[in-house]
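Colleague: Sequence:
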Amino acid sequence: VERAEKEQLERTALEAHLEALQAQIEPHFLFNTLASIDQLILTDPPRASRMQQSLIRYLRAAMPQMRASGAGARPTLGQQVDLSRSFLEIMAVRMEDRLQSVMNVPEGLKSAVFPSMMLQTLVENSIRHGLEPKAEGGRLEIRAEIVDGQLSVQVCDTGMGFAPNSKGGVGLANIRERLQLHFDAEASLQSRAEGATYEVTLRLPLITTPR
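Using my numbering, you'd call the opening residue of the sequence shown number 59 and step up by one each time.
It is possible that part of the hints are untrue.
[Stated by the list, open to error] EDC-like mimics (lysine to aspartate or glutamate), calculated; alpha carbons at most 20 Å apart, straight line:
(1) 168 x 203
(2) 192 x 140
(3) 168 x 190
(4) 192 x 257
(5) 192 x 206
(6) 168 x 206
(7) 192 x 155
[To be verified] Okay, the calculated beta carbon distance ranges per label pair:
(8) 264 x 111: 31 to 39 Å
(9) 205 x 111: 18 to 26 Å
(10) 162 x 267: 15 to 23 Å
(11) 264 x 161: 14 to 22 Å
(12) 208 x 156: 30 to 38 Å
(13) 207 x 155: 22 to 30 Å
(14) 162 x 207: 13 to 21 Å
(15) 267 x 234: 23 to 31 Å
(16) 240 x 99: 22 to 30 Å
(17) 266 x 121: 45 to 53 Å
If you are wondering where the hints come from, they were derived from the structure by calculation, not from laboratory data.
Since this is a predicted model, take the numbers as computed values, not measurements.
Positions of the beta carbon are idealized from the N, C-alpha and C atoms, including for glycine.
Using the sequences plus the hints, can you model the full thing?
Modeller: In structure tokens form, the structure reads like this:
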């Protein structure tokens, strides 16, 4: 019993640490978006309005997850997709025609349990390291399917690519830690680079929540 309690405390402390890391990222994105809106108000009011509306949708998707965060929280893939869609709307206003995004997530998989902010981290990585630095931009696709009885979620972009043996940066390391924490060896994160195409695949147990 003592060993089990110690392991639970360690898991709780690690999860709190990872949530604190994520909390440091959110204000940065929020302040950047507000600064962009402020600038666009002076130069392009219609674009400023579109970005403001997208930010409102993003916050509406994010706030319930923040309030429900904790040991008993069971966020769904559908919630994460909604959050990423709102984020991509904001980035589309900023990048204009340089960003094309596609969502291929079956309706039946949207009730699957999916850890909060993992998909968002992958999408942000694709934008920051792949598409935004590329002069002509590119395409980002989110896909979900069932593979060998597991939930498989992929984020693929046609940006700058990564070195073939790269394991990614802090964001991917954060995800690997959380997968280990929540699912032990039952989940995995794999990345694949081929030319300018970079693809990250998350595999985790398929657990659905009641609608």
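Colleague: Taking the hints in turn, state whether each one holds.
Modeller: Hint-by-hint comparison with the structure:
1. 168 x 203: Given pair residue 168, residue 203 holds - Cα atoms ~11 Å apart, limit 20 Å.
2. 192 x 140: The given pair, whose Cα atoms are some 26 Å apart, is violated under the 20 Å limit.
3. 168 x 190: violated (28 Å)
4. 192 x 257: holds (17 Å)
5. 192 x 206: With a Cα-Cα distance of about 35 Å, the restraint between residue 192 and residue 206 is violated, given a limit of 20 Å.
6. 168 x 206: Holds, because 18 Å separates the two Cα atoms, which is no more than 20 Å.
7. 192 x 155: holds (12 Å)
8. 264 x 111: 31 to 39 Å: Between residue 264 and residue 111, where Cβ atoms are some 34 Å apart, the hint holds.
9. 205 x 111: 18 to 26 Å: Given range 18 to 26 Å: violated, Cβ gap about 36 Å.
10. 162 x 267: 15 to 23 Å: holds (21 Å)
11. 264 x 161: 14 to 22 Å: Holds - the Cβ-Cβ distance for residue 264 and residue 161, about 19 Å, lies within 14 to 22 Å.
12. 208 x 156: 30 to 38 Å: Given range 30 to 38 Å: holds, Cβ gap about 34 Å.
13. 207 x 155: 22 to 30 Å: violated (40 Å)
14. 162 x 207: 13 to 21 Å: Cβ of residue 162 to Cβ of residue 207: about 20 Å, so the range 13 to 21 Å holds.
15. 267 x 234: 23 to 31 Å: holds (24 Å)
16. 240 x 99: 22 to 30 Å: violated (42 Å)
17. 266 x 121: 45 to 53 Å: Violated - the Cβ-Cβ distance for residue 266 and residue 121, about 24 Å, lies outside 45 to 53 Å.
Going down the numbered hints, you'll see the structure goes against 2, 3, 5, 9, 13, 16 and 17, while the others check out.
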